[in-house]
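Taken in order, these protein sequences are the chains called A and B.
Each number in our numbering corresponds to the 1-based position in the first sequence with 1 added.
Each number in our numbering corresponds to the 1-based position in the second sequence with 1 added.
Watch out, some of these pointers could steer you wrong.
Estimated spans, in silico, between C-beta atoms of each pair [unchecked claim]: (1) A91/A <-> D28/B: 27 to 33 Å; (2) G226/B <-> R188/A: 50 to 56 Å; (3) A60/A <-> E168/B: 49 to 55 Å; (4) D143/A <-> E40/B: 38 to 44 Å; (5) R207/A <-> G162/B: 17 to 23 Å.
Within a straight-line C-alpha distance of at most 27 Å, the following computed DSSO-like cross-link-like pairs (lysine-lysine) qualify [unchecked claim]: (6) K154/A <-> K53/A; (7) K199/A <-> K85/B; (8) K154/A <-> K221/B; (9) K69/A <-> K53/A; (10) K154/B <-> K227/A; (11) K154/B <-> K222/A; (12) K85/B <-> K222/A; (13) K85/B <-> K221/A; (14) K85/B <-> K154/B.
Hints were generated in silico from the structure; no laboratory data involved.
All values reported here derive from a predicted model rather than from experimental measurement.
Where is the CB? At the ideal position from N, CA and C, for every residue including glycine.
Number of protein chains: 2
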Amino acid sequence: MLRTASLRKAPLAGRRSAKKAPELTRDKLIDAAGHVFAERGFRATTIREICKRAGANVAAVNYTFGDKMGLYTEVLRHSVRAAKTATMNAALDSSLSPEDTIRGVIRARLMSMCREERPDWHIRLVMHECSQPTGAMQRVVDEGMRPIYDRMKAAVGRVIGLPPDHETTRLSVNSIVGQILFYTFSRPVLAHLQPELKLTPNQLDRIADHIADFSLAYLKKVGQGKSHG
Amino acid sequence: MLRTASLRKAPLAGRRSAKKAPELTRDKLIDAAGHVFAERGFRATTIREICKRAGANVAAVNYTFGDKMGLYTEVLRHSVRAAKTATMNAALDSSLSPEDTIRGVIRARLMSMCREERPDWHIRLVMHECSQPTGAMQRVVDEGMRPIYDRMKAAVGRVIGLPPDHETTRLSVNSIVGQILFYTFSRPVLAHLQPELKLTPNQLDRIADHIADFSLAYLKKVGQGKSHG
DNA sequence: GACACATTCAAACATCTGTTTTAAACATGT
DNA sequence: ACATGTTTAAAACAGATGTTTGAATGTGTC
Chain A
2 MLRTASLRKA PLAGRRSAKK APELTRDKLI DAAGHVFAER GFRATTIREI
52 CKRAGANVAA VNYTFGDKMG LYTEVLRHSV RAAKTATMNA ALDSSLSPED
102 TIRGVIRARL MSMCREERPD WHIRLVMHEC SQPTGAMQRV VDEGMRPIYD
152 RMKAAVGRVI GLPPDHETTR LSVNSIVGQI LFYTFSRPVL AHLQPELKLT
202 PNQLDRIADH IADFSLAYLK KVGQGKSHG
Chain B
2 MLRTASLRKA PLAGRRSAKK APELTRDKLI DAAGHVFAER GFRATTIREI
52 CKRAGANVAA VNYTFGDKMG LYTEVLRHSV RAAKTATMNA ALDSSLSPED
102 TIRGVIRARL MSMCREERPD WHIRLVMHEC SQPTGAMQRV VDEGMRPIYD
152 RMKAAVGRVI GLPPDHETTR LSVNSIVGQI LFYTFSRPVL AHLQPELKLT
202 PNQLDRIADH IADFSLAYLK KVGQGKSHG
């Protein structure tokens, strides 16, 4: 008989061999919570909606994860893992040229917006964290975004002929990332300013090409200036 | 004796001649609400916090503005007006060259982030609307962002030698706006990825220059290609 | 000063929401 | 079959929050 949510742990997260029902509700809860958290953010999401969606009882969340935040961190953990798609991993391959790395990362990030299953949970969770931080952001950034960010700094630095931590390199990476995130973070604004812009796979492909062309124009120009001077 | 919040109007919004106290609490409420709404968004903001900050009673909001949403729309109205700074208006001057227009808009938008009073309410409210839309967004976008967006389309179109509504023009404007909003929307992420980046006026000035250089590299390249072909 | 009105205030109300409780259902090993 | 530990279910609890109420206080007019 367990007492308070803050003191008790989620029940026996370790050994689960013969049981299967608990695994099922646990997974159903994480899946349902991912949908709702990604759509509404941590605060605006109610445990009751998650449980209804998962076909579970209201007490299931507190029983399985201790409290709402426990479920949230679990969802974040899954979302970070799911964000490491095959496409993104291929783009991060260190044998690629810097230009191809940049193009690949841009494309992988944009393409994740039109996935069928779990469309873009990760980046939408980050968006809500930016709007209303919860303290869970540090881990999301460290595990989900920093590797890509560092890889981009290296690639951009090589194109422009400057160290990865030079101010121009960092600002350029920010410019690229900003262009990408715009289509997720500012989607409602975009929907009003350009109602005709549908984010179909085809269109996202064109957008990815544009962002890469737009960015490489500057990077190559600076790079040529450096190599000539 | 007024009945329901949905039916009654804010009391006598028209003639206020001799009264001053009502005006004062009204303004204090809008000012306090601007702070809290810009920081936390509509939903996470409590009427009690606004009233405490304004030194008013809990019932003041419902009495003066009907309900929470009434106060919110009033805050949005003020914020849209405050976003039309002298700097931004100067940048939108139609006698400027397209390059100067682009540089000016970028700089004006970034500089509003380090204002002493009401620092960047407008764009932070838009951010929260993007994360959790409330239905008030349409007016904010139409009145606060579309004029700038259209002006940018015209300027960018002139530099690259394409119509304002060409796909390349629109995507390029998106790229510029995305770079700008990144420093507001993704500030928490940025704080973790680049802890050393302080958004002082000096630094924002450098960022504005970078974004303009970064963008104009592509625009001019496309423009030259067009004029030669 | 008395009246009518607008405004303020403290308290209460109704609802929502995270959490806890209590008991029943279930599974498992002996 | 029994005992034991685990999972589910319904209800209740406690706190927060938007809103309303009704009295009290101010404010201007006659």
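Results of checking the hints against the structure:
The hint said 27 to 33 Å for the Cβ distance between A91/A and D28/B, and at roughly 57 Å that hint is violated. Judged by the Cβ atoms, the range 50 to 56 Å given for G226/B and R188/A is violated: they are separated by roughly 31 Å. Take A60/A and E168/B: their Cβ atoms lie about 52 Å apart, and the range 49 to 55 Å holds. The supplied range of 38 to 44 Å is broken by D143/A and E40/B, whose beta-carbon atoms lie about 25 Å from each other.
Judged by the Cβ atoms, the range 17 to 23 Å given for R207/A and G162/B holds: they are separated by roughly 20 Å. With a C-alpha separation of about 44 Å, the suggested pairing of K154/A with K53/A is violated against the 27 Å cut-off. Between K199/A and K85/B the alpha-carbon distance is near 30 Å, which puts this suggested pair outside the 27 Å criterion. Of the pairs offered as hints, the one joining K154/A and K221/B holds, with about 25 Å between alpha carbons and a cut-off of 27 Å not exceeded.
At most 27 Å may separate the alpha-carbon atoms for a hinted pair to count; K69/A and K53/A meet this at roughly 15 Å. A distance of roughly 32 Å separates the Cα atoms of K154/B and K227/A; the hinted pair therefore is violated under the 27 Å criterion. For the suggested pair K154/B and K222/A, the alpha carbons sit about 24 Å apart, so the restraint of at most 27 Å is met. Our distance criterion of 27 Å between C-alpha atoms is broken by K85/B and K222/A, whose separation comes to about 35 Å.
Between K85/B and K221/A the CA atoms are separated by roughly 36 Å; this puts the pair beyond 27 Å, and the hint is violated. Taking the CA atoms of K85/B and K154/B, the gap is about 18 Å. The hint holds against a cut of 27 Å.
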